[in-house]
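*Asks:* Here the protein sequences line up with chains A and B, keeping their order. The first sequence begins at 1 in the numbering used here and counts up by one. The second sequence begins at 1001 in the numbering used here and counts up by one.
Just so you know, these hints were derived from the structure itself, not from any lab. A couple of the hints might just be wrong.
What the hints assert, rightly or not - In silico DSS-like links for lysine-lysine, alpha-carbon gap of 25 angstroms or less:
1) A:K159 with B:K1147
2) A:K158 with B:K1103
3) B:K1241 with A:K194
4) A:K194 with B:K1262
5) A:K158 with B:K1147
6) B:K1229 with A:K261
7) B:K1147 with A:K34
8) A:K261 with B:K1244
9) B:K1029 with A:K158
10) A:K271 with B:K1048
11) A:K267 with B:K1052
12) B:K1259 with A:K194
13) A:K261 with B:K1215
14) B:K1103 with B:K1075
15) B:K1259 with A:K220
16) A:K156 with B:K1029
17) A:K271 with B:K1052
18) B:K1075 with A:K261
19) B:K1220 with A:K220
20) A:K275 with B:K1048
21) A:K267 with B:K1262
22) B:K1147 with A:K210
23) B:K1259 with A:K210
24) A:K156 with B:K1103
25) A:K156 with B:K1147
26) B:K1052 with A:K275
27) B:K1241 with A:K267
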Amino acid sequence: MTRRTMGASALVLALFAGPALAQTVTPAPAKDAKPVVVPFELLRTKHMAVTIKVNGKGPYRVIFDTGAPMTVLTNKVAREAGLLQGAAKPSLNLFGASGGPVTAKTLEVGGLKAENVQVIVMDHPTVKELALALGPIEGIVGFPFFARYRMTLDYKEKKMTFVPSGFEPPDVFQAMMNEVSALTTRTGAKAAPKILSPAAQWGFVPGKEKDDDDPGVTVKDVLPGGAAAAAGLRAGDRLLMLDDRWTDSVADLFLAAGFVKPGGPVKVVIKRDKKDVTLTVTPRAGL
Amino acid sequence: MRAVWLCVAVALVSAAPCGAADAKKAPEKTYQIPYHLSATKHILVRAKINGKGPFNLILDTGAPVLFVSPQVCRKLDVEPDKKGWGVFDRFELEGGLALTKAKGRIEEPPQLQGMNSLGLAGAELHGVIGYNLIARYRVEIDFTRSKMAWTDLDFTPPAPQGLGDGRSAPPELDAAGGMAKLLGGLLGKKSAAEAAPRGFLGLEVDDGGGKVAVKAVLAKGPAGRGGLKAGDHITHFDGVKVVKASDLERAAAQLTAGKAVKLGVVRGGRAEEITVTAGEGL
Chain A
1 MTRRTMGASA LVLALFAGPA LAQTVTPAPA KDAKPVVVPF ELLRTKHMAV TIKVNGKGPY
61 RVIFDTGAPM TVLTNKVARE AGLLQGAAKP SLNLFGASGG PVTAKTLEVG GLKAENVQVI
121 VMDHPTVKEL ALALGPIEGI VGFPFFARYR MTLDYKEKKM TFVPSGFEPP DVFQAMMNEV
181 SALTTRTGAK AAPKILSPAA QWGFVPGKEK DDDDPGVTVK DVLPGGAAAA AGLRAGDRLL
241 MLDDRWTDSV ADLFLAAGFV KPGGPVKVVI KRDKKDVTLT VTPRAGL
Chain B
1001 MRAVWLCVAV ALVSAAPCGA ADAKKAPEKT YQIPYHLSAT KHILVRAKIN GKGPFNLILD
1061 TGAPVLFVSP QVCRKLDVEP DKKGWGVFDR FELEGGLALT KAKGRIEEPP QLQGMNSLGL
1121 AGAELHGVIG YNLIARYRVE IDFTRSKMAW TDLDFTPPAP QGLGDGRSAP PELDAAGGMA
1181 KLLGGLLGKK SAAEAAPRGF LGLEVDDGGG KVAVKAVLAK GPAGRGGLKA GDHITHFDGV
1241 KVVKASDLER AAAQLTAGKA VKLGVVRGGR AEEITVTAGE GL
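Next up, chain A with everything else stripped away, as it sits in the complex (with noise of 0.2 angstroms):
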């Protein structure tokens, strides 16, 4: 890694209110998994308090954040629970971040405990904000923590319930690096468009005219056949929206189709004849 994206790295970090990253270890889908019921302090500025133990030191009060794609803990409390023997010492030090993503070999939240997950250390400027305002706050808790659980949020009654759910989190921060080495590297190139695959076959070509701005996308084919025409799918329908997602672009279409499995049925919503209209398409295995 050279200087330069080291810098970019470090810049990006702090972007993220929160790096986090691969999980080694994921709870299996259990199913018969008891929901752990985790309270939390609704701080004045309405971001989520929780007291976490890192590596049974602690407890700590950290912000839980969805909008957060790492985890962020704070160089106090990388020292008191040894987070950083042996890690790489940063080349270039923004907001006292480390080197790269270390890992807590516990990180208790609540009553709930993930093993292996991976941390940030980094005095993050928002975190320092809040805790100059609010009292001790040493971090950010994101996505590689959460990610691992079917996650409900209830402000009302100020708790968060988790299951785990057996999704195994990507490393984001190897994600994110290899973005900005991309970034660094591949200086006035054009980055190859990417290609949005749908995950079954429906059978109909959609199309869509530059200047045409209204919601949909025409179905301007329909092949015999085919799923879209068991459906009743016509050329000529305005294709509004496919299993609850908007379809106002082929892109967006084939992002939406990306999402539906062969075989299972999905609404397909379209305007014919001025009318709505929902369809019923199974779409198949194929290409």
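Based on the hints, put chain B in the right spot on chain A.
*Replies:* Using the frame of chain A, we list chain B on its own:
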């Protein structure tokens, strides 16, 4: 104590228990809200505001209120008041949840500014959905599902109070957003990633027995015109060996319309090669 007695008295008169309000409440309404995870692992939801959009917003409990970027508000002709707030007559989330007169900050937080100028999220970010909107719902998030469940709580959250200095972001973070913008400018990266639909072949596959069997071919589709037939087994996609449907999907992940591909197939025990030109469609 007085309140309890009053309640008992009322109960006697009305012959209804004190908790009657709860019992009579209409069943809770739950919305299925589609989302997707950005490249930066932010939860992105889409909203149409005053009929325009859709706009990409981050679901963020770290934000006290709804934020909508000034660029979007200019498009909507929504003017900020003296303190930077705007009112959106109709705010509709994908999934059917619609609010009227939604209040939010007309402002682009530095995190968004930074991510947009570096193009990190893979999509342009237009705003943030924060506490004042999220708190009205019980929100269930499960990354093994493609939608969240938002249940209306019939709850009006109290207004957030700032830290008292009228700023929404610490100065260092403002600076970081500015630096990212500068860096993004130098590197020439835009926030809206270009997207292209995958090409279409019009073949149905049957996965099983360690083979990719063609279950059906749409006669008027590209594969049908190229001569592929139901019952063929696909063994190669442009020279890449495929043994499962997922192999085929992976091999075809960068296929765009107009591109010709060579399919290695086994038909009636004989290996053949069929050239198919991908078309538009799905």
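*Asks:* Does each hint fit the structure? Answer for all of them.
*Replies:* Do the hints match the structure? See the list:
As the CA atoms of K159 of chain A and K1147 of chain B are separated by approximately 21 angstroms, the hinted pair is consistent with the 25 angstroms bound. For the hint linking K158 of chain A to K1103 of chain B, the alpha-carbon distance of about 23 angstroms falls within 25 angstroms, and the restraint holds. Proximity of K1241 of chain B to K194 of chain A is assessed by CA-CA distance (about 24 angstroms); at most 25 angstroms being required, the pair is judged to hold. For the hint pairing K194 of chain A with K1262 of chain B, the CA-to-CA distance comes to about 23 angstroms; that is within 25 angstroms, so the pair holds.
With a C-alpha separation of about 23 angstroms, the suggested pairing of K158 of chain A with K1147 of chain B holds against the 25 angstroms cut-off. Taking the CA atoms of K1229 of chain B and K261 of chain A, the gap is about 24 angstroms. The hint holds against a cut of 25 angstroms. A threshold of 25 angstroms between alpha carbons decides the hint, and for K1147 of chain B with K34 of chain A the separation of about 22 angstroms falls inside it, so the pair holds. For the proposed pair K261 of chain A and K1244 of chain B, the alpha carbon gap of about 16 angstroms is at most 25 angstroms, so the pair holds.
Distance restraint check for K1029 of chain B and K158 of chain A: the Cα-Cα separation of roughly 20 angstroms lies within the 25 angstroms cut-off, and the hinted pair is therefore satisfied. For the given pair, K271 of chain A sits about 18 angstroms from K1048 of chain B by alpha-carbon distance, which is consistent with the 25 angstroms threshold. Among the hinted pairs, K267 of chain A with K1052 of chain B is consistent with the structure: their alpha-carbon atoms are about 23 angstroms apart, no more than 25 angstroms. Between K1259 of chain B and K194 of chain A the CA atoms are separated by roughly 16 angstroms; this keeps the pair inside 25 angstroms, and the hint holds.
The suggested pairing of K261 of chain A with K1215 of chain B holds, with an alpha-carbon distance near 17 angstroms, which does not exceed 25 angstroms. Between K1103 of chain B and K1075 of chain B, the direct Cα distance comes to roughly 17 angstroms. Compliance with the 25 angstroms bound is thereby established for this hinted pair. A distance of roughly 20 angstroms separates the Cα atoms of K1259 of chain B and K220 of chain A; the hinted pair therefore holds under the 25 angstroms criterion. Proposed proximity of K156 of chain A and K1029 of chain B is supported: the alpha carbons are some 16 angstroms apart, at most 25 angstroms.
A C-alpha spacing of about 18 angstroms is found between K271 of chain A and K1052 of chain B, which places the hinted pair at or below 25 angstroms, so the restraint holds. Among the hinted pairs, K1075 of chain B with K261 of chain A is inconsistent with the structure: their alpha-carbon atoms are about 36 angstroms apart, more than 25 angstroms. For the hint pairing K1220 of chain B with K220 of chain A, the CA-to-CA distance comes to about 14 angstroms; that is within 25 angstroms, so the pair holds. Under the criterion of a C-alpha separation no larger than 25 angstroms, the hint pairing K275 of chain A with K1048 of chain B is consistent with the structure, at around 21 angstroms.
Straight-line distance between C-alpha atoms of K267 of chain A and K1262 of chain B comes to about 35 angstroms, which puts the hinted pair past the 25 angstroms bound. Only pairs whose Cα atoms come within 25 angstroms are accepted, and K1147 of chain B paired with K210 of chain A is rejected, the gap being roughly 30 angstroms. Between K1259 of chain B and K210 of chain A, the direct Cα distance comes to roughly 23 angstroms. Compliance with the 25 angstroms bound is thereby established for this hinted pair. Among the hinted pairs, K156 of chain A with K1103 of chain B is consistent with the structure: their alpha-carbon atoms are about 20 angstroms apart, no more than 25 angstroms.
Of the pairs offered as hints, the one joining K156 of chain A and K1147 of chain B holds, with about 22 angstroms between alpha carbons and a cut-off of 25 angstroms not exceeded. Proposed proximity of K1052 of chain B and K275 of chain A is supported: the alpha carbons are some 21 angstroms apart, at most 25 angstroms. Note on K1241 of chain B and K267 of chain A: the hinted pairing is violated, with a Cα-Cα distance of about 35 angstroms set against a maximum of 25 angstroms.
Hint check: violations occur at hints 18, 21, 22, 27; the rest are consistent with the structure.
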